[in-house]
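Protein chains: 2
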Amino acid sequence: MPASVPGPPEAKFARIAVVGSGALGIYFGVKLALSGADVRFLMRGDLAAVRKRGSLAVKENGGMAELRPVAAFGTPEEVGEVDLVLVTLKATANRELPRLLKPLLGPRTAILTLQNGIGPDEEIAGHFGPERVLGGLAFIAANRTGPGEVTCLHSPTIVLGEFGCPVAERTRALARQFEAAGVRMRLAESLLEARWRKLVWNIPFNGLSVAAGGVATDRICGDPLLAAEVRALMAEVQRAGAAFGFNIPDEFLRQQFDVTPPMGPYRPSTLVDYLEGREVEVEPIWGEPLRRARAAGVAMPRLSMLYALLKALNETRRQRAG
Amino acid sequence: MPASVPGPPEAKFARIAVVGSGALGIYFGVKLALSGADVRFLMRGDLAAVRKRGSLAVKENGGMAELRPVAAFGTPEEVGEVDLVLVTLKATANRELPRLLKPLLGPRTAILTLQNGIGPDEEIAGHFGPERVLGGLAFIAANRTGPGEVTCLHSPTIVLGEFGCPVAERTRALARQFEAAGVRMRLAESLLEARWRKLVWNIPFNGLSVAAGGVATDRICGDPLLAAEVRALMAEVQRAGAAFGFNIPDEFLRQQFDVTPPMGPYRPSTLVDYLEGREVEVEPIWGEPLRRARAAGVAMPRLSMLYALLKALNETRRQRAG
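Which chain is which? The protein sequence lines are A and B, in order.
Quick note on the numbering used here: the first sequence kicks off at 268 and runs consecutively.
Quick note on the numbering used here: the second sequence kicks off at 268 and runs consecutively.
Just so you know, not all the hints are guaranteed correct.
Remember, identical chains collapse to one label, so a pair may be satisfied in a single copy or spanning two.
Okay, derived cross-link-like pairs now, DSBU-like style, lysine-lysine, Cα gap no bigger than 35 Å in a straight line [unchecked claim]:
1) Lys465 / Lys279
2) Lys279 / Lys326
3) Lys465 / Lys578
4) Lys319 / Lys578
5) Lys465 / Lys357
6) Lys369 / Lys326
7) Lys465 / Lys319
8) Lys357 / Lys578
9) Lys578 / Lys279
10) Lys465 / Lys326
11) Lys279 / Lys319
12) Lys578 / Lys369
13) Lys357 / Lys279
14) Lys357 / Lys369
Honestly, the hints are just simulated from the structure, not real lab data.
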């Protein structure tokens with residue numbers, strides 16, 4: 268269960284590499300750098316623009332935090348060995364992880380993936396060893412609003428856990444470092460349970476926002492039929508979680524629904540990807556949870572339909588673009 | 268159950284009005300007219316073009332049948348009283364039926380609706396009396412290929428029945444008249460059962476073709492995930508049918524799937540409507556069957572999801588257009 272983090276700040280992870288400098292990577296990288304860490308950003312598309320600009324910016328709560336100069340690099344070899352790798356790449360690019368992460372790893376380097384869904388922890392553990400891997404669920408509403416610039420609508424919370432084992436001293440140290448950087452943290456004794464809990468929101472809202480033709484969350488909540496599908500999908504996730512021993516109470520489902528209308532016309536990251544012509548992360552959010560539930564004997568008929576449609580929509584768009 | 272139609276041809280319905288002169292209306296109207304009936308077409312968008320052209324044409328089996336001159340009218344008052352009204356309007360326009368049909372009806376005029384799904388029979392019966400109403404399921408692959416021109420890919424079969432009662436002498440006479448016009452006919456002792464059987468194909472294929480982003484049936488059959496959803500939706504329709512006392516065997520489901528791949532890249536009428544910016548007939552094919560199944564205590568979770576998405580897609584497009 269998530270619990271508050273006690274203890275004073277301490278910078279155990281002095282050198283940090285951010286792999287995948289989209290909204291999440293820039294947001295957390297800038298926060299950690301401004302609180303004293305040596306943060307190095309691995310960039311692709313935005314590298315030239317960020318170097319020209321000479322800074323990264325985070326707009327939040329009516330103000331702006333700017334990081335200048337920026338340690339921005341185009342290859343992992345230039346970044347070199349670090350104490351912590353923060354993986355904020357889209358999961359659709361995970362086939363590149365071995366090449367991107369290898370040059371960053373010393374003998375004790377930890378890897379924290381903030382990727383959504385089920386599967387990324389195992390994938391990274393498979394490449395580099397389970398003992399390196401932590402996972403975090405970032406509850407954040409932030410969008411990239413320009414090269415090197417992120418606008419954050421709601422200050423985030425990260426739910427942090429270790430891969431395949433309970434919270435350790437390393438987990439607590441990392442949480443304290445994030446808290447010192449101004450990020451609310453919760454610790455999860457079971458990372459996998461935390462991931463299933465996050466799916467209670469992501470499976471319906473991210474999925475329906477795309478499948479219903481590109482609609483924001485206010486439209487979903489305001490449409491009685493779609494809202495009923497949201498609740499039914501949440502109940503499917505709850506039943507699947509129960510099969511894995513995770514107790515996700517009805518109250519949690521209600522609360523995950525009820526926080527959504529006040530967010531207004533929010534566009535989930537999946538919808539932003541879809542509308543901007545990027546590949547959607549279908550497997551970790553819809554495909555892998557469905558397969559695991561099926562293997563555990565739990566039927567998720569609505570998820571099954573939604574997954575098939577999202578995968579086909581991705582494919583249809585790729586064929587038309589290609 | 269459908270059964271072959273015995274007996275000689277006979278033209279009981281001398282004067283026929285076709286209401287809704289799209290692909291179906293033109294196809295059957297031309298056939299009936301060329302076999303001797305006085306067929307009057309009520310038209311809207313195509314009226315001027317058809318009057319200028321002076322004919323209607325049906326392309327089929329490598330040949331073309333042409334009806335010249337054409338009795339084409341813009342108002343039901345000009346059409347006047349007939350013996351049979353053939354309703355081939357989209358169900359989305361059914362709110363206009365009272366105005367369109369009233370001038371066509373004498374004391375004994377019969378009304379045959381070839382509209383898809385569940386609900387049209389009851390709607391027409393509610394306006395004009397159940398004793399007038401027959402329903403037909405048109406198994407046909409035909410598209411309108413120009414003003415007044417229809418191309419038919421597979422010669423059709425109509426499954427014909429009476430509303431709310433078994434086949435009567437009137438049904439047989441109408442079937443004989445269609446057969447004399449070259450249309451294969453089957454009689455259904457239960458029109459409602461015939462409608463549920465047709466939904467076995469229409470619910471999955473028409474629905475997924477739109478919801479998966481605008482794909483033809485070959486793409487659906489060739490995608491393992493979508494094909495699995497087709498079969499699961501068919502099984503939902505089968506279970507709902509059973510709750511109403513209709514036995515739809517597994518073999519029928521398999522056969523409805525297996526006839527589809529040989530059709531090639533076929534675009535169901537719903538997909539054509541969607542791609543051409545017309546409103547999709549969401550209620551009779553998805554909404555009304557779902558509500559009736561729910562009232563009978565049968566859960567159809569995949570249909571529920573598909574219905575919510577199709578309705579939202581319709582709505583999203585209308586908002587963007589308007």
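Evaluated hints:
1. Only within a single protomer do Lys465 and Lys279 lie at most 35 Å apart by alpha-carbon distance; the minimum there is 28 Å, versus 66 Å between protomers.
2. Taking the closest pair of Cα atoms, Lys279 and Lys326 come within 35 Å of each other only inside a single copy of the chain (27 Å); across copies the shortest separation is 78 Å, beyond that limit.
3. Within a single copy, Lys465 and Lys578 get their C-alpha atoms as close as 21 Å, and across copies as close as 27 Å, so both meet the 35 Å cut-off.
4. Taking the shortest alpha-carbon separations for Lys319 and Lys578, neither the intra-copy value of 38 Å nor the inter-copy value of 47 Å comes in at or below 35 Å.
5. Within a single copy, Lys465 and Lys357 get their C-alpha atoms as close as 17 Å, which meets the 35 Å cut-off; across copies the closest is 43 Å, which misses it.
6. Taking identical chains as interchangeable, the C-alpha atoms of Lys369 and Lys326 lie at most 35 Å apart only when both belong to the same chain, with a minimum of 32 Å there against 65 Å between chains.
7. Taking CA atoms no more than 35 Å apart as the test, Lys465 paired with Lys319 passes in neither setting, with 37 Å inside one copy and 63 Å between copies.
8. With identical chains, the CA atoms of Lys357 and Lys578 are at most 35 Å apart both within one copy (16 Å) and between copies (31 Å).
9. Taking identical chains as interchangeable, the C-alpha atoms of Lys578 and Lys279 are never at most 35 Å apart, the minima being 41 Å within one chain and 53 Å between chains.
10. In the homo-oligomer, the alpha carbons of Lys465 and Lys326 lie at most 35 Å apart inside one protomer (25 Å), although the nearest pairing across protomers, at 56 Å, exceeds that limit.
11. In this homomeric assembly, Lys279 and Lys319 come within 35 Å of each other (Cα to Cα) only inside a single copy, at 32 Å, whereas the closest approach across copies is 84 Å.
12. In this homomeric assembly, Lys578 and Lys369 come within 35 Å of each other (Cα to Cα) only inside a single copy, at 30 Å, whereas the closest approach across copies is 48 Å.
13. In this assembly of identical chains, the alpha carbons of Lys357 and Lys279 lie at most 35 Å apart only when taken from the same copy (26 Å versus 68 Å across copies).
14. Taking the shortest alpha-carbon separations for Lys357 and Lys369, only the intra-copy value of 18 Å comes in at or below 35 Å, while the best inter-copy value is 61 Å.
The structure shown violates the earlier hints numbered 4, 7, 9.
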